[in-house]
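Residue numbers (the numbering used here), protein chains in the order written: chain A, 10 to 294; chain B, 10 to 294; chain C, 10 to 294; chain D, 10 to 294; chain E, 10 to 294; chain F, 10 to 294.
Mixed in with the good hints there might be a few duds.
The list makes no distinction among identical chains, and a pair is therefore deemed to hold if it is satisfied within one copy or across any two copies.
Here are the simulated DMTMM-like pairs of lysine to aspartate or glutamate, each with C-alpha atoms no more than 25 Å apart in a straight line [stated by the list, open to error]:
no.: 1; residue 1: K89; residue 2: E285
no.: 2; residue 1: K89; residue 2: D217
no.: 3; residue 1: K293; residue 2: D103
no.: 4; residue 1: K89; residue 2: D61
Since the hints were derived computationally from the structure, they do not count as laboratory data.
There are 6 protein chains.
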Amino acid sequence: MAATGASVYSYKYFAVQFPAERPYLAHVEINRPEKLNAFIEPMWFEMRQVFDQLSSDSSVRAIVLTGAGSKAFTAGLDVKQAPLVLFSDKGGSDTARKAVNIRRYIHQFQDCLTAIERCEKPVIAAMHGYSYGFAIDLSAAADVRICTRDVHFSVKEVDIGMAADIGVLSRLPKIVGNFGWVKEVALSARIFGAEEAHRVGFVNSIHDSKEAMVGAALDIASLIAQKSPVAVQGTKELLNWSRDHPIAEGLRYTAVWNSAAIQTGDVSTALMAGIEKRTPTFEKL
Amino acid sequence: MAATGASVYSYKYFAVQFPAERPYLAHVEINRPEKLNAFIEPMWFEMRQVFDQLSSDSSVRAIVLTGAGSKAFTAGLDVKQAPLVLFSDKGGSDTARKAVNIRRYIHQFQDCLTAIERCEKPVIAAMHGYSYGFAIDLSAAADVRICTRDVHFSVKEVDIGMAADIGVLSRLPKIVGNFGWVKEVALSARIFGAEEAHRVGFVNSIHDSKEAMVGAALDIASLIAQKSPVAVQGTKELLNWSRDHPIAEGLRYTAVWNSAAIQTGDVSTALMAGIEKRTPTFEKL
Amino acid sequence: MAATGASVYSYKYFAVQFPAERPYLAHVEINRPEKLNAFIEPMWFEMRQVFDQLSSDSSVRAIVLTGAGSKAFTAGLDVKQAPLVLFSDKGGSDTARKAVNIRRYIHQFQDCLTAIERCEKPVIAAMHGYSYGFAIDLSAAADVRICTRDVHFSVKEVDIGMAADIGVLSRLPKIVGNFGWVKEVALSARIFGAEEAHRVGFVNSIHDSKEAMVGAALDIASLIAQKSPVAVQGTKELLNWSRDHPIAEGLRYTAVWNSAAIQTGDVSTALMAGIEKRTPTFEKL
Amino acid sequence: MAATGASVYSYKYFAVQFPAERPYLAHVEINRPEKLNAFIEPMWFEMRQVFDQLSSDSSVRAIVLTGAGSKAFTAGLDVKQAPLVLFSDKGGSDTARKAVNIRRYIHQFQDCLTAIERCEKPVIAAMHGYSYGFAIDLSAAADVRICTRDVHFSVKEVDIGMAADIGVLSRLPKIVGNFGWVKEVALSARIFGAEEAHRVGFVNSIHDSKEAMVGAALDIASLIAQKSPVAVQGTKELLNWSRDHPIAEGLRYTAVWNSAAIQTGDVSTALMAGIEKRTPTFEKL
Amino acid sequence: MAATGASVYSYKYFAVQFPAERPYLAHVEINRPEKLNAFIEPMWFEMRQVFDQLSSDSSVRAIVLTGAGSKAFTAGLDVKQAPLVLFSDKGGSDTARKAVNIRRYIHQFQDCLTAIERCEKPVIAAMHGYSYGFAIDLSAAADVRICTRDVHFSVKEVDIGMAADIGVLSRLPKIVGNFGWVKEVALSARIFGAEEAHRVGFVNSIHDSKEAMVGAALDIASLIAQKSPVAVQGTKELLNWSRDHPIAEGLRYTAVWNSAAIQTGDVSTALMAGIEKRTPTFEKL
Amino acid sequence: MAATGASVYSYKYFAVQFPAERPYLAHVEINRPEKLNAFIEPMWFEMRQVFDQLSSDSSVRAIVLTGAGSKAFTAGLDVKQAPLVLFSDKGGSDTARKAVNIRRYIHQFQDCLTAIERCEKPVIAAMHGYSYGFAIDLSAAADVRICTRDVHFSVKEVDIGMAADIGVLSRLPKIVGNFGWVKEVALSARIFGAEEAHRVGFVNSIHDSKEAMVGAALDIASLIAQKSPVAVQGTKELLNWSRDHPIAEGLRYTAVWNSAAIQTGDVSTALMAGIEKRTPTFEKL
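Construct the complete structure from the given sequences, taking the supplied hints into account.
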């Protein structure tokens, strides 16, 4: 419950706030600034918990995700604590058994990020400073991305000898409609900045400071949080489904979805408020 | 028949013209300017008739779609005449029966817009002024979109308490390669203008006045209408198919399609005209 | 073998070089400048051989594709030598039998271009001057596209009375996230230039001269060639797979792929080199 | 309305009855026995009307489809009235234009049969005597097939020089899980009988006479008609969807579907009737 | 761990045994015989735990699933404890909010059954007596089904006013290649017996008593447990993937999968044992 | 050319005959009887050549595939010559590089079998005696399978420590509609006979001797060879496409395919012959 959030949302590596002046918002901050918010294994499991909890918290309608401190959204995976499975003998020396363990591990790791995508509430990722590797995977699972002017992005994985496997290669071609650019940055790991990210559509807007950016993220989130949660959560789901299906199947799924959703009282609430030119109030969801 | 179009194409809410100086073109205008071209139920059924008829009218090779009057392409659905099914007792009080009726209704409504997509001739939507809600659904089913500098766009549905269900959520992610932007405008219903629409690829060009825009739309349509209709209609179909399928299936369908289409005499007609540097003439289709 | 490339890579219409100062690179040049590099039938079969050979040549890690001479990347298919099958009586006069022959022919032709896509090494297409028809099909099968400021592009096929069938209609909607623009240029065959191509995401960058462009292409390729080939080839494959599948299937395929790939020694090689701040050296692949 | 069916359901080639003693049933009979119920063009359009009408007739919950007379369910298409389009000059002599007309024609013809599949009420096809060509296409679009012991089946199309194109090749592999058998009968057009059809799963049961068979079909239909129409129509839809999708997508669509459907009062009606051991009564749908 | 299974596998409604004389087998028994093994909500969550645990227990290579007592595998859901969500006011009175809660609930419930399908070890379901409703959903998620001669099956859901939504409608069409039969039993809820189930392919074999059946199930499981677990688990995964994909994608995924799996030492272990005509011993997985 | 087949179809491990009394037939026999027709590497490459050649040989309309000698169709892969790549150091010791080589190798091997599926002419596999492992993979790529009463089948791969990877796991679930049975035989490698194979639909018929079986295969092939090759080859293609796609996509592809195919003169040839009750003669294809 957001109302009693302090106790319930007690995490080690994530600060979860519910800004008093911003009803229905949650602000999640990656909170390991002394290490540039670099991720170690317990952090991704914790992150999954955070978003699974917010997904069903009816006091929350939109979420902002940021990184603590002035230097980085996240510098990526903490390579000094690189997944031990890769170098350990779990699964023994048999290549196939090792592969099974690695596959299970990757699936689990992917699932921690997919928690952001399957979270029923929209997620705005606001990125500043170092935003490398894992930062791209993670924000690609969010709904909207914005950044500061000083951000440094890199799809970093090829630089550590591997194809990225926790989401960026699957998600980036679906969110940026410039496949040549996606190929280039993923194959070369070169750093790119805010302007380029904006031009190709990776981020929606650029801001002059972290403060300005967080404010803008909260504004987008607030705007969304004022709408009917039936409408908003349905829109997120239907856009994600449509991304992955032919248009005919998008239309069909949409009709089935709305055959229940449109029976909501929110439609008349919204229409009435529109006619009376006042802000509507919607029940929790 | 376009030649005798006046009698055949007699519609209440749509003006269909065949500009004398523009062979093979049809100009369809939404014609309820006193209500900002807002749609009421009979209009979408009529619109389906218009496009179904044009689809098989061999005198037509390209279509321009505009809104009458100076104020709006269309302000969207006429909420004062909001679909009665939503509030009526059709289907009685049983939620499931009501859902069945709603689903059938949405499918039918969707089909009226899909008529634009399945129309075998390319459709250029030219938008000015208020272009809200239904305007986006409708133009997303067209092949090319252009606009005036003063246009106001909004994916309006969340503002009336519902996820959009007649096409925009299924089509927008496939025509604009900027999923974060699609998410933002669909989740927030915020208004956006011509420049933004052009930058993200929702419209192909911006024009200074409605007249200039309509002229430009007719120019694009004319250019297309001068080409072989076998080539043009095949191109529309193959692009739509490819959008919805993996590349290998795009290639395969294309080869089967062209195994008949390429046997057309239009190929030699076009090649000869090219060599002789004159405009080719093609049979109707 | 690249080391003894001169004898092995002996082609009639393609010059294949392995720049001494650029380890692991291949530079393929379409070499029929006296005809603006227009393609005749033997050329596409030869092109397939070139890329199939490079795909498994472990001395090659990235490929640059250019057109010889100052005037054209390629002016497209040499229409004076238009595929005879179209006008010949192969398959006799029976429409269905003729269709079978045409279909087989198209599949074979498509496969010659798909050789670029299935080539396991990234391909950078660098285009200047006339880049019409076949030039678009061909470069759309490459991974990255760049161009000179003076380039002239056109999806030319409708101008010769046919829907394009060797790849552009299947690939363009997946690499350029602006479906209205794709529709317009494919339906109208109008010429477009470097700025427009860059704005919509068809090319990654624009260069002032052919020399500058080729240098830039070689730089991108060199950057990629310095990375682990396990990482690079996996990244190309996973991006292509993900383009064609829902995100959940992209993630799953990726996990299975990396269950073997991540067992490579390249990961520790790369990590060690990173820590020691030196350039890593990777085994061939 | 079934209640006043006589006037509403007035067709030339189809007899539509609503057996008084069998509530909620419709019995559709192909009614051209003097020609072995062979189909001519107006018949398939009429058939589409019949099933579209029954689909939304809330007095109908299940449908039995039979052929009039003692000799045939249907002998197939009436070849003496073979589709004129094939031999006419519609579309002129240009192969591509002719192909366009043929394609439109086939799509329309297919759609007349698909009317049976998209009909929201289950359809039981009961076949006797000659059941050739079109008989297989048509019954493959039904939900359940039964037959008499004397039935003669044949996938006849290759015998008239063409691959079947109105449904059997698309549907048979999905309803009979014996792909080798499907291949054999479709490639050879050989006649097969009731036992074979039952063994491979093309029919559910075999009956000794037409009367016995029709009685059995009505019994199955009656049994279905006693159930909740919300449950029955949902089951038909979900089975058809699941047939065409991976299991994960079947499950997901099902959950969305039932989120509305399960709110029906029919669940408690059925549970109460079960506890009280009486036959439940359900509202129309 | 199976070795210390007693303490680890302590469940309330499921008895999990590791037969001493049957290495690598787990025998899971639904254990609420006094209620005909009817399922109440805690049971399906517990069932998920059981199969998730077995999936990663390297001491287990194959699993047999049975129902305790002489009367029933399971009589289905315990309707007296029907899911409260259906009748409660969770989600309040708003239809859309209620639908959201129902959908979440169904997804969770489905997931409990999918645990059987995603369990990496093959599962043999052995059914006797009453095997209604949930029994079909549950066994359809298993890999192999066998039964006693006295079994009574029914796809029961339409009898309680709803389309089945926890798996049977999605899975049955993929495991039984007789779509007409699937339609009939799902639409009518009629009871069918062992012979019919065997004829259509729902069960692999019929046994004269529960004891004989359980013995047969253990024999199949033992046979599988003697094989290389790398081979067995890969086979389960590849068959499930292939069921849901076109053949070309089945082949491709298989090749990627085996590029790691085939590097196992189990291949030479098995080949050597074959040559030396002895039973091979494989490492755990 | 079949007419001069002796010289053209000169293979080492396959005997290809064109029975004089059976026009348009090819009889391919696996010809290594002294080793129970076990496959060594050169054989599968040769097999691909055989079927690629037959696919485009217009003198051939149907193909029968058998194994030489009295003992076996094929005993499978010759394990004494097991693929060296598995145990060699090609790709060195790096697991990932080894995986790349294995993957390429499997793809190539799969492609040799897929040659049977993509062969445009129907293939009847007639199996006797030992038909293990590779025999199942191979015949699953054929269109029709028949066998002798004494045949021994086994999906053998798990017995050598690996999941089958050259086709059986991808194809078997699509040709046998009994997924539980497919799972059981693939997971256990147990031997099954003719009756069981027939009951589940793996083979179409059982014959008392090899001679009787080959005669029956030739009869089926002859029957097919008498039909229009336009119709037959289209039927094979459309059935394979439909197997892999939803019904709506099957219908659509079919309509496009037939828009050319149905323009064949074979339709009137066949209709005329039917009316005149004589055997039609069709042009080669």
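Have a look at K293 and D103 and pick one of within, between, both or neither, based on CA distance no larger than 25 Å. Only across copies: K293 and D103 sit 11 Å apart there, 53 Å inside one copy, limit 25 Å.
With identical chains, the pair K89 and D61 could be close in the same copy or across copies; at 25 Å between alpha carbons, which is it: within, between, both, or neither? neither (28 Å within a copy, 31 Å between copies)
Intra- versus inter-subunit Cα pairing at 25 Å for K89 with E285: between (59 Å within a copy, 13 Å between copies)
Should K89 paired with D217 be assigned to within, between, both, or neither, using CA atoms and 25 Å as the limit? neither (32 Å within a copy, 44 Å between copies)
Taken one by one, the earlier hints fail for this structure at numbers 2, 4, listed in ascending order.
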